[in-house]
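Here the protein sequences line up with chains S, B and E, keeping their order. Counting in this note's numbering, the first sequence runs from 369 upward without gaps. Counting in this note's numbering, the second sequence runs from 5 upward without gaps. Counting in this note's numbering, the third sequence runs from 16 upward without gaps.
I should point out that these hints are in silico values taken from the structure, not numbers from a laboratory. Do not rely on the hints blindly, as some may be mistaken.
[As the list claims (entries may be wrong)] Derived list of chain B stretches under chain E, where covered just means 3 residues or more per stretch with a C-beta under 8 angstroms from a C-beta of chain E:
| id | region |
| --- | --- |
| 1 | 13–21 |
| 2 | 32–41 |
| 3 | 125–137 |
| 4 | 232–244 |
| 5 | 278–291 |
[Claimed, not checked] If the Cβ cut is set under 10 angstroms, some of the chain B residues that face chain S in the computed set are:
| id | residue |
| --- | --- |
| 6 | R178 |
| 7 | A192 |
| 8 | V199 |
[Stated by the list, open to error] What follows is a list of derived Cβ distance ranges for each label pair:
| id | chain 1 | residue 1 | chain 2 | residue 2 | range |
| --- | --- | --- | --- | --- | --- |
| 9 | E | P287 | B | L90 | 32 to 40 angstroms |
| 10 | B | A201 | S | R522 | 17 to 25 angstroms |
| 11 | B | Q105 | S | T455 | 22 to 30 angstroms |
| 12 | B | V145 | S | L443 | 50 to 58 angstroms |
| 13 | B | T133 | E | V285 | 24 to 32 angstroms |
| 14 | B | G273 | S | R477 | 33 to 41 angstroms |
| 15 | B | L87 | S | R522 | 32 to 40 angstroms |
C-beta atoms are modelled at their ideal positions from N, C-alpha and C, and glycine is treated no differently.
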Amino acid sequence: MSILQVRELVAGYEPGLSIVKGASIYAAEAEIVVILGPNGAGKSSLIKAIAGLVTITGGQVLLDGVDITKVPAHLKIRAGLAFVPQTDNIFPLMTVAENLAVAAGILPRAQTAARIDEVFVSFPDLARQRALMAGSLSGGQRQMLAVARALIVRPRVLMLDEPSAGLSPKLVEQVFAQLCDIRQAGLTIVLVEQNARAALAIGDRAYVLVEGREAHEGPARTLWNDPILADLYLGQRRHAS
Amino acid sequence: MTLQFLLDGLIAGSMIGLGAIGVTLTYSILRFSNFAHGDFMAWGAYAALAVVGVLGGSTPMGPLSFGLPLLLAMVAAMGLTALLALALDALLFARLRARGQSIIVVMASFGASMALRSLLEFLFTSQPTYFSRAIQMAQPVGFGMRITADQGALLILTLVLVTGMHLFVQRSRRGREMRAYSQNPALAQVVGIDVAAVVRATWVIGAALACASGVMVGVLVQIRPLMGLDLLLPIFAAAILGGIGSVPGAVLGGLIIGLSEAAAVQFVGAEWRAAVAFVILMAVLLVRPMGLFGVAER
Amino acid sequence: MIDLLGYGAFFLSTALIFGLITLGLNLQWGLTGLFNVGIAGFVAIGAYTSAILTTPEAVDRVGGFGWPIAAGWGAAMILAAAAAAFTGYATLRLRSDYLAITTFGVAVVVQLVALNAQGLTGGPFGVAFIPRPFAGVQDQPVLFNFANLGVILVVTLVTYLALEHLSRSPWGRVLRALREDERAAVSLGKNARSYRIQAFAVGGAVMGLAGAVQAHFIGFIAPDGYLPTLTFQVWAMLVVGGSGSNRGALLGAVVVWAIWVGSGALAAAVVPPDWQARAASLQIVAIGVMLCLILLWRPQGFFSARRRLK
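Please build the complete structure, drawing on both the sequences and the hints.
Below is the structure:
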């Protein structure tokens with residue numbers, strides 16, 4: 369049973385100009401789904417639309433069977449859908465602890481402090497930096513904070529937009545190892561990535577998005593060596609036949 | 005030469021600072037300069053006057069010119085002014101905000117400001133009026149300075165309000181949400197912050213503080229429909245001087261401008277007081293537009 | 016009948032002077048997207064400059080320069096343009112709100128100087144005996160009104176044509192592009208700012224000219240002729256007429272002035288004397304509400320030739 373289901377989604381920044389043109393994807397419980405595709409394919413817009421930051425003009429988004437298409441952005445997290453944007457994903461003028469506290473604000477008051485402590489246990493580096501301004505953190509640490517912030521409310525589904533962007537290979541390894549741990553804990557992860565190799569190495573299934581629709585879907589492990597991938601990226605083929 | 009201007013400046017600075025907090029919050033969260041803010045002050049003062057009237061007047065407490073009823077009236081007036089601000093937002097600003105061009109919202113606030121001010125003139129005429137006609141004796145406090153009981157009480161009130169505001173913004177959940185939203189509106193939504201609640205809180209706080217400032221001016225000086233317009237330039241200058249978005253900055257900016265104005269009155273001439281704020285504003289814009297505590301624009 | 020014509024000429028003259036100011040505002044806002052909340056200040060600068068340079072000597076005040084009227088008008092334009100240029104220079108690299116706040120401050124300070132610098136501006140008494148064009152026929156009111164109307168018509172027409180020409184020129188096209196696309200502005204960098212300062216200055220010059228023309232039309236100016244109400248009236252005129260259109264600016268001015276004068280006359284006839292002041296306040300409330308309603312429901316105004324999307 370898929371926990372996240374997206375059906376024929378149409379979305380865009382301006383009316384009449386759709387970037388997502390009828391994409392359908394799904395993610396099952398405790399699986400890592402990777403979304404790849406050439407530049408401009410609409411990968412980012414797709415998960416932003418699911419998160420409620422880009423206007424949806426057609427199609428459906430179902431979380432655990434419940435239609436959340438029209439739910440406003442700030443209520444999606446309450447429904448269990450967390451999103452980590454690619455850039456501007458922390459509050460720079462607040463401390464690390466405050467960043468977590470503001471995210472934990474939607475939890476019942478009694479749980480807030482305990483949850484923050486739990487997150488600090490999972491992210492010991494952040495615990496050391498809890499009083500630092502988030503804006504002064506390095507790229508990798510910011511990414512960690514952004515992910516920790518998303519996890520603090522114990523979401524069902526975690527969506528990430530190019531978490532490896534701007535990070536050194538070693539840091540990418542760290543982040544992706546973290547994602548694997550998160551998946552082990554039972555969370556579903558949807559990952560949009562440019563770094564196809566690293567993403568496919570940890571993914572369970574993968575989609576390739578081309579021109580706003582899914583053009584191919586298959587197991588992640590084998591996709592890396594599949595010539596279809598190169599064809600779709602280089603535009604030799606529109607769809608898998 | 006006396007140091008009286010220091011005290012006068014402190015008092016003027018308090019009035020300006022209270023108003024500047026609202027302006028800086030509105031700017032950092034709603035991203036527009038509200039030209040109607042001064043008129044919230046005026047409406048607040050008149051609302052308090054009306055409530056005091058309903059309560060049957062305010063017999064003075066001790067050395068003050070006012071009593072408990074005025075304080076109660078002020079609290080009630082803060083609520084009424086907040087309602088006014090929320091109504092104005094719902095009817096006018098929110099709709100224009102949704103269309104995108106923030107300068108149109110500023111234009112609307114300019115129009116609303118004229119209408120609000122003139123409505124007060126229509127209802128109460130432009131004649132000044134007062135909470136109390138009692139003359140207050142000024143007591144010496146050293147260094148050649150004198151202070152009235154009213155002035156002292158209202159300075160304490162300002163301190164209480166400003167401290168309360170600071171704690172609210174820094175420590176409370178809503179305050180944290182407001183700060184987060186002003187830094188990154190899109191991320192704030194993703195994190196689960198209810199934008200509508202943040203917007204409401206912004207208006208309520210701004211209007212309530214404007215009302216307090218208006219009542220203060222009403223007690224210490226006089227009440228008239230143009231009282232808000234006269235303070236608008238100093239308030240904007242204070243908010244910009246302190247750094248847009250910073251509550252402590254707005255207060256500090258207010259104090260600096262208040263003190264500068266008082267100094268100008270003492271050493272140059274009272275008729276030039278209104279120019280001080282403009283000179284300070286130009287200096288800030290030319291030298292350090294982000295103000296004392298502000299950050300460079302996103 | 017003659018009286019009515021004379022009055023009509025007077026009405027139209029005043030309306031056209033407002034129209035001139037609105038043309039200046041249209042250049043600043045309609046073409047360039049700059050929000051000027053201190054219109055009254057720039058108008059006052061023009062009026063006082065021309066008045067001081069052309070009036071005969073007066074006690075307690077600088078004067079007696081005896082400049083010809085046209086030269087006074089020229090100086091008015093230059094000084095108003097300079098004030099606008101300085102304001103623009105200080106604020107245009109910052110958020111658009113800052114220009115609004117600064118122009119507001121300019122108007123406050125100009126008002127303050129007009130009121131207090133008695134040696135320069137005559138203080139609260141203002142400046143009188145400002146030379147009128149066609150002063151020779153001053154004692155024949157109807158002829159005088161028509162002569163003045165003629166002058167004002169010519170000035171307005173020339174300004175209108177000049178601004179239309181500017182608007183269609185390459186310079187105007189750059190301004191329009193800058194208004195539509197903020198990113199283009201950023202990529203043009205310092206150049207964009209320079210264009211905007213120029214536009215703001217030219218608009219300011221037009222406003223100064225209007226102030227000067229009005230000063231010589233009435234013959235007498237005082238600080239309370241340049242209150243925020245004036246700024247407000249001009250904005251109402253541009254919003255009604257349709258920002259972005261010079262034609263709209265002029266038509267909006269005539270229409271709003273007609274509404275203003277008409278409602279004022281109605282109040283004078285109907286309202287009891289001790290409520291007259293209050294009625295005047297209600298006039299402003301009505302115009303303010305109208306302004307907001309138009310921004311909400313018909314932001315493109317009523318008289319602009321083109322249909323604008325915003």
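Item checked: B:T133 paired with E:V285, Cβ distance criterion 24 to 32 angstroms -> Given range 24 to 32 angstroms: holds, Cβ gap about 27 angstroms.
Note to self: Quick check on B:V199 please, does its C-beta sit within 10 angstroms of some C-beta on chain S?
What the structure shows: holds (7 angstroms)
Check: Are at least 3 residues of the region 278–291 of chain B within less than 8 angstroms of chain E when you compare beta carbons?
Finding: holds (count 8)
Margin query: Assuming the hint says 50 to 58 angstroms, is it satisfied by the Cβ distance from B:V145 to S:L443 or not?
Written below: At 55 angstroms between Cβs, range holds.
Check: Residue count check for the region 32–41 of chain B against chain E: does it reach three with CB-CB under 8 angstroms?
Finding: holds (count 3)
Next item on the list: For B:A201 and S:R522, compare the CB-CB distance with the range 17 to 25 angstroms and indicate the outcome.
Entry: holds (23 angstroms)
Item checked: Check of the region 232–244 of chain B against chain E for coverage (Cβ-Cβ below 8 angstroms, three residues minimum) -> holds (count 6)
Next item on the list: State, for the Cβ atoms of E:P287 and B:L90, whether the hinted interval 32 to 40 angstroms holds or is violated.
Entry: holds (36 angstroms)
Next item on the list: Count the residues of the region 13–21 of chain B whose CB lies closer than 8 angstroms to any CB of chain E, then report whether that count reaches three.
Entry: It is violated, with 0 qualifying residues against the three required.
Item checked: Whether the CB-CB distance between B:Q105 and S:T455 falls inside 22 to 30 angstroms -> holds (25 angstroms)
Next item on the list: Note whether the CB distance of B:G273 and S:R477 lies within 33 to 41 angstroms or breaks it.
Entry: violated (56 angstroms)
Check: Does B:R178 pass the interface check with chain S, least Cβ-Cβ distance below 10 angstroms?
Finding: With a closest approach of 9 angstroms, the B:R178 hint holds.
Violation of the numbered hints given earlier is confined to hints 1 and 14; the remaining hints are satisfied by the structure.
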